[in-house]
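K.L.:
Just so you know, the sequences run in chain order G and E. Residue numbers for the first sequence follow this note's numbering, so the first one is 2 and each next one is one higher. Residue numbers for the second sequence follow this note's numbering, so the first one is 2 and each next one is one higher.
Hints were generated in silico from the structure; no laboratory data involved. Virtual Cβ for every residue (Gly too), placed ideally from N, Cα, C. Be aware that a few hints might be false.
Beyond 12 Å from chain E on every Cβ pair, some chain G residues (computed) [said to hold, decoys possible]:
hint	residue
1	Gly18
2	Val19
3	Val24
4	Ser74
5	Lys85
6	Ser134
7	Ala143
8	Lys149
9	Glu174
10	Phe181
11	Thr190
12	Glu201
13	Glu231
14	Gly257
15	Ala267
16	Gly271
Rough simulated footprint, nothing fancy, chain G against chain E, three-plus residues with beta-carbon under 8 Å [what the hints assert, rightly or not]:
hint	segment
17	98-112
18	122-135
19	194-200
Each computed DSSO-like pair below joins lysine-lysine, with the alpha-carbon atoms no more than 30 Å apart [what the hints assert, rightly or not]:
hint	chain 1	residue 1	chain 2	residue 2
20	G	Lys293	E	Lys201
21	G	Lys85	G	Lys95
22	E	Lys26	E	Lys55
23	E	Lys201	E	Lys26
24	E	Lys55	G	Lys155
25	G	Lys95	G	Lys293
26	G	Lys168	G	Lys281
27	E	Lys55	G	Lys293
28	G	Lys155	G	Lys4
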Amino acid sequence: MIKSGPMTTIQDQGRMGVAQLGVPPSGAMDLNALKIANRCVGNDVHEAGLEYTLVGPTIEFLGETVIAITGASVAAVIEPNSRKVPQNQAFHVKSGDVLIIGPTLGGARGYLAVQGGLDVPFVLGSRSTLTRSQLGGYQGRAIRAGDKINILSKPDLGSFACWQGEKRSRNTETLLIRVFPGSQSDLFTNEDIQAFFGQEYSLRPDSDRMGFRLAGEALRLSNGSDIASEPSFPGNIQIASSGLPIILGRDLPVTGGYAKIATIFAADFGDLAYLLPGQKLRFIQATLDEAKAALIHAEQSIETRFHNIEND
Amino acid sequence: MLRSSQSTDLKRAREVLGWCQFLEKMSFNEIQDLIPAADTLSIQLKYGLEPSAKLVQFLRSFTAETFPLDLEASIDNEPIVEIDVSYGGGDGPDLKILAEMTGLSESELIARHCSATYIVAFMGFAPGFGYLIGLPKELSMPRRHEPRTHVPQGSVAIGGSFTGIYPQDLPGGWNIIGRTDQIMWDLALNPPALLLPGRKIRFRSI
């Protein structure tokens, strides 16, 4: 690692089954983008890759390999010769090549997969990083300049692929996010519900992988918002005592004492990974059944966009 | 998510834990994770799977209270974990405030905190953080209005009617009354958490 970028961590599809210990799932904020990157280089979708935020890393490759970049559109080049690296497809790099990934122009985050997958120890079943508890990933922390990360060598790889989905480019329109009712929806008055769905919120800069904090008009919360602590999941929308929503991220505290007004469609959660501070979003009222259908539809449409390319 | 309708914190926690332990023993294939909390049990199913008829039947019987549980016996057989705590002063900056609030002396408060046997009702907030029930009523303190950005590892704290120990340096809104050197979270161990739902704890002033 020559330059790491402001927040680059090793992530995979996350930790399951450990919420009982107080451990959140972590994993890529856009799980699908990492899956796509893995598929492009012929990896199992569960392999670990890099998630970078706002500015990508500069990496020197000490061996020949194949990489894929997904997520927000970026300018990425290989030196020497300033070869442009296309996104969403497999790309060969040689020993000594330096990959320079620039600012994430298309949104907040991007992903890099490497043939074989990143080789760091499993912690509680996953290679994902939980920085605030120094768990997993590269020594429990974000990647820094000078770090050396090994790559697993796997004999049986799938074929390389490219993915012809939409590019994540800078979107200045309001992001529409579909939600279904949360477990304490009845705690909120009709006035609160209307205010929640009726306004445009914007993303605060103090947002991170734990939660997307939103700025907007506070809900009145005539019924208060403290509840007995109960389990929380990524995509739950809590209303803090300030009356403003926090969309819980993948590094969330697994139990929480604030009422949940709604939960985001799993199919739409990945879109949040790309929100930049100041960007606007609006919630759309929907149902759990629609959420399930949307998820199936989203996954099918991702699948149909892969094209295998010949290994060479 | 199953919600307990028992009348007290302790009864609710025991009921939730009972459900949790029972479902764990039954090893339902479709269950990915069981997450107990204050008065709810969340049952996370594996992706794409629906609950089996058998599971649904059990869940209905839990909430109909027609299902006898042996939890009382299994909690009573748990060994008690002793935690040594240095109370007050720099280690417990909020003990003074609690004394002012209650009119009790600091040493009386310490004695009462140490007099109870606590049970871990559920985990959450951070790896290894257990919410303990059994706090004497007079010691309950609302969460701080402004959470601290840094609570030192090992801090023993009170939040509402719960007490707990911060397993790492973390931000936190609970009231700190002491500190322990006891390691609460160690990945080299299996399980890595000292506290797990159902464990019994006592505090000892050093």
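K.L.:
For every hint, state whether the structure bears it out.
P.N.:
Structure-based check of all given hints:
1. Gly18: Given that some Cβ of chain E is not farther than 12 Å from that of Gly18/G, nearest at about 5 Å, it is violated.
2. Val19: 8 Å, violated
3. Val24: Answer for Val24/G: violated, closest chain E Cβ roughly 5 Å.
4. Ser74: Holds: least Cβ distance 29 Å, greater than 12 Å.
5. Lys85: 37 Å, holds
6. Ser134: 5 Å, violated
7. Ala143: Check passes; 17 Å lies beyond 12 Å.
8. Lys149: 22 Å, holds
9. Glu174: 31 Å, holds
10. Phe181: 14 Å, holds
11. Thr190: Holds, because the least Cβ-Cβ distance between Thr190/G and chain E comes to about 21 Å, which exceeds 12 Å.
12. Glu201: 28 Å, holds
13. Glu231: 4 Å, violated
14. Gly257: Since the minimum Cβ distance to chain E is about 8 Å, Gly257/G lies within 12 Å and the statement is violated.
15. Ala267: At roughly 10 Å from the nearest Cβ of chain E, Ala267/G sits no farther out than 12 Å, so the non-interface label is violated.
16. Gly271: 15 Å, holds
17. 98-112: It is violated: at least three residues are needed, and the segment 98-112 of chain E offers just 0 whose Cβ sits closer than 8 Å to chain G.
18. 122-135: holds (count 10)
19. 194-200: holds (count 3)
20. Lys293/G with Lys201/E: Given pair Lys293/G, Lys201/E is violated - Cα atoms ~40 Å apart, limit 30 Å.
21. Lys85/G with Lys95/G: 14 Å, holds
22. Lys26/E with Lys55/E: 14 Å, holds
23. Lys201/E with Lys26/E: Roughly 20 Å separates the two Cα atoms, so the pair holds.
24. Lys55/E with Lys155/G: 41 Å, violated
25. Lys95/G with Lys293/G: 43 Å, violated
26. Lys168/G with Lys281/G: Since the Cα atoms of Lys168/G and Lys281/G sit roughly 20 Å apart, the hinted pair holds (cutoff 30 Å).
27. Lys55/E with Lys293/G: Answer holds: Lys55/E to Lys293/G is near 23 Å, not above 30 Å.
28. Lys155/G with Lys4/G: Holds, because 27 Å separates the two Cα atoms, which is no more than 30 Å.
In summary, the numbered hints that this structure violates are 1, 2, 3, 6, 13, 14, 15, 17, 20, 24, 25.
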